[in-house]
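Novice: Now for the letters of each chain:
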Amino acid sequence: MSIEKGTPRRGICLYSYHNLLGKTMTLDDAFEEMADTGATCFEFLTSYIPNYPNPSPEWVDHYWRLCEKYNMQPSELGHWAENHLHRGKGMTDDEVVEELKQDFRLAHLLGFKALRTKITCTNEICDPEPGWQNYIEKALPYAEKYDVRMQNEVHLPTTLHTPHIRDEYLDFIHRTKTSHFGFNIDFGTFQYKAAKGMEDMAWLNFDDITKPEEIVDFLPYSYVCHAKFTYMNENFEEETIPYPEVIKLMVDNGWSGDLLSEYEGGIRFHAEEGPDKFAQAMVEIPDQVRRHQIMLRNILGY
Amino acid sequence: MVEFQPIQQRGFHNTYDENGEIDGFEFKFVPKYYKGYWFTQCRFGNVTVDGEVFDRDEIIFVYDGIEYSREEMFDLHKYWQFRTPLTYRIKKKGGLSIGYHDVSLQYGWVLNYNGALEKEFDGSGMGNMAHMFGVDNQRRMLLCK
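Protein chains in written order, with our numbering: chain A, 1 to 302; chain B, 1 to 145.
Simulated from the structure, these hints should not be mistaken for laboratory data.
These numbers were taken from a predicted model, which means no experiment stands behind them.
From the three backbone atoms N, C-alpha and C, an ideal C-beta is built for every residue, glycine too.
Incomplete in silico selection of chain B near chain A, CB under 7 Å:
(1) Tyr-34
(2) Phe-74
(3) Arg-83
(4) Phe-121
(5) Gly-123
In silico DSS-like cross-links for lysine-lysine, where the CA-CA straight-line distance does not exceed 30 Å:
(6) A:Lys-193 x B:Lys-32
(7) A:Lys-138 x B:Lys-35
(8) B:Lys-35 x A:Lys-277
(9) A:Lys-118 x B:Lys-32
(10) B:Lys-119 x A:Lys-101
(11) A:Lys-89 x B:Lys-78
(12) B:Lys-28 x B:Lys-93
(13) B:Lys-35 x A:Lys-145
(14) B:Lys-32 x A:Lys-277
(15) A:Lys-193 x B:Lys-35
(16) B:Lys-32 x A:Lys-113
(17) B:Lys-35 x A:Lys-101
(18) A:Lys-101 x A:Lys-113
(19) B:Lys-32 x A:Lys-101
(20) A:Lys-118 x B:Lys-78
(21) A:Lys-118 x B:Lys-119
(22) A:Lys-89 x B:Lys-119
(23) B:Lys-35 x A:Lys-196
(24) B:Lys-35 x A:Lys-113
(25) A:Lys-89 x B:Lys-32
(26) A:Lys-69 x B:Lys-35
(27) A:Lys-89 x B:Lys-35
(28) A:Lys-138 x B:Lys-78
(29) B:Lys-28 x A:Lys-277
(30) B:Lys-32 x A:Lys-196
Here chain B stands alone, though its shape is the one from the complex (with noise of 0.2 Å):
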């Protein structure tokens, strides 16, 4: 079971490199839309914490305990599992400050209904879907580690 917002509370918190110093955060994101998608459909955009962008070529996408980036997905044949969370870890020397945080990101995806098809064949932009389901998700969210 997930919690009923995209972006999950559970799993957001700091991170830490061999050294046991603080080296960025993560948390994980499962869409709203009511089915899985494969991953060489989804477009995936920055994440913006506390009005920080990070961009999205720069973020670490975990899926099955696997690391991809970005650009990886798209030849990544694989399932992305309804109701699965895919976890986005962002490196940030020192991390977040223990306490609440707006989180948002923007999210999209290439699939076959009621509009055109997708404008951007190289996947830059975000997927056919926005007219009915747009892009963004956001949370405010609490720290604690």
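With the rest of the complex left out, here is chain A (with noise of 0.2 Å):
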């Protein structure tokens, strides 16, 4: 029996933007921007809910009506499983529980349905911290009542074989049979080659990278994906990542989540150093994103 096709939506990061919000560009702004590249859903960060984490009404219901106004829908919260918010050791299971609690919360109030949820890493190939499994299955019911699906982001230099991607997370879903707790997969981890203008990036390293034919196996346990991408050229093809390989793989296994353009060039670290590089990124930030979106639309046909 066939496999039906999957249908994923196109959406994309507010991350994206992160240079210049607040700056030349404000919500309003930005929702304009994102329905002009024809995007029909979004992830938002926590820190871009203004008097976070107890937003007015207000401001929840001029959020309502941009997503209303620009016909874009919510789809991934982004937020942090924080246990190092003071000094000291850490935090106990209880405490941060009732971290998430407030962002599952949050989440259901701003209709999303996924989280991206980092949980605490002790080195660059992000292992987690011992522990994690005790306050994340007890926020399992809480995420339950508020029917959000926490993901952990599975981020360059992390690949889909790191051991910690089966042995910890994926046996922790096997275990609890949760269908709250799931992976993002970022296709950073499908880099190949440095992008133009990152050349110089001595943390970058490709020589272990996620093979595309990997993905297949963790499709059911991911919901959104961040498409990453570091440079669109002016033919609407990411030179470093194989998209089309990965995404046919994703629509011939009926995957049907969110594709959420991530952009994360070179000049997010440099946008601040003086005025033509700030002038730089106010160009290229929404054109390369606008380019990602045209490169969705080529693969997936819609």
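If you follow the hints, you should be able to join the two separate chains into one complex; please do so.
Specialist: See below:
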């Protein structure tokens, strides 16, 4: 029996515009810009909620008016399972759960079904700090109550074959049989060379990357993915990440989650260095996101 | 809206005591990072103006109109809202002269990204994110009054 092809939605991470937000771009501007690309959903960050974690009813109303005006659907709320908010060795599991519950409630209020949940790590490949299972498992009933799915981000240089992905996260999903914890697979994990303008970033290493076919096993546990990119050329191609191949595998295997454009070009590190750099960012960032959305449209056919 | 540089020129001026005498200066700072923080995650370093160092424990931080010391920040359960300036108020008899000044400061934070945990559990260091984003901020600014 053949698998019905998936129909992922095209969306955008508001993070892509972070250098401009609050400087030359308001939230209203960002919604208009996103809608212009043809995207239909978006990722927000808890930090972009004014007066977080207690937004005013007026702001929440305004947020929903923007969603309606621009026909944009909430996709994912990025948040942090912080257990080092205070001096000392760390917080108790119950304290972390309270932080998580607070964000679950906000996600529910703002219409997000998925969360990009950052779990504290201890090294560059994001091995989780031991004990993470305790607070995440305690939070699962609340994730069910508020109908949200936590997703750990698999982000370069982490790969889908980095041991903790299967040995810890996948094992946790199987043991708890939860559908409220999974993976946001960041497409940077498939990146095989440095992007234009980022060749000098010494911390980038492409010796060990995720192969496209590895994604198939993880699709049942993934609801939203960061469609990471660092440079789009004028032919609407990402030259460092095998987008057509990865998306074909997702679609052919029936994946109908959200693909969210997440721009992480070199300019994000330099935009604040001077007027010339910031002017470059003002032009380059929206342009790059638009190019990426055209690429997704070309690949998906819609 | 804030200026694109982390150290803001808007708000840079001398301050006056109750007798109308200049008793210092102040300016505002907005981290360039893409998100906000709980103040307990923040690690504030010294400020340097034209080579003169002002110790981090002598700085008065003003947020939402309330003054805090660096030490008080560690127990402050308050979120530093994204793109919201924090005022640095610094005591200096006579303040700064009219004209240009080179202002720099160190600022770091604690977060759970792609790296080791904070080494200094007492908060004495600059957090654990310097390997990705550094801690140094500087700007040449024009003071008018």
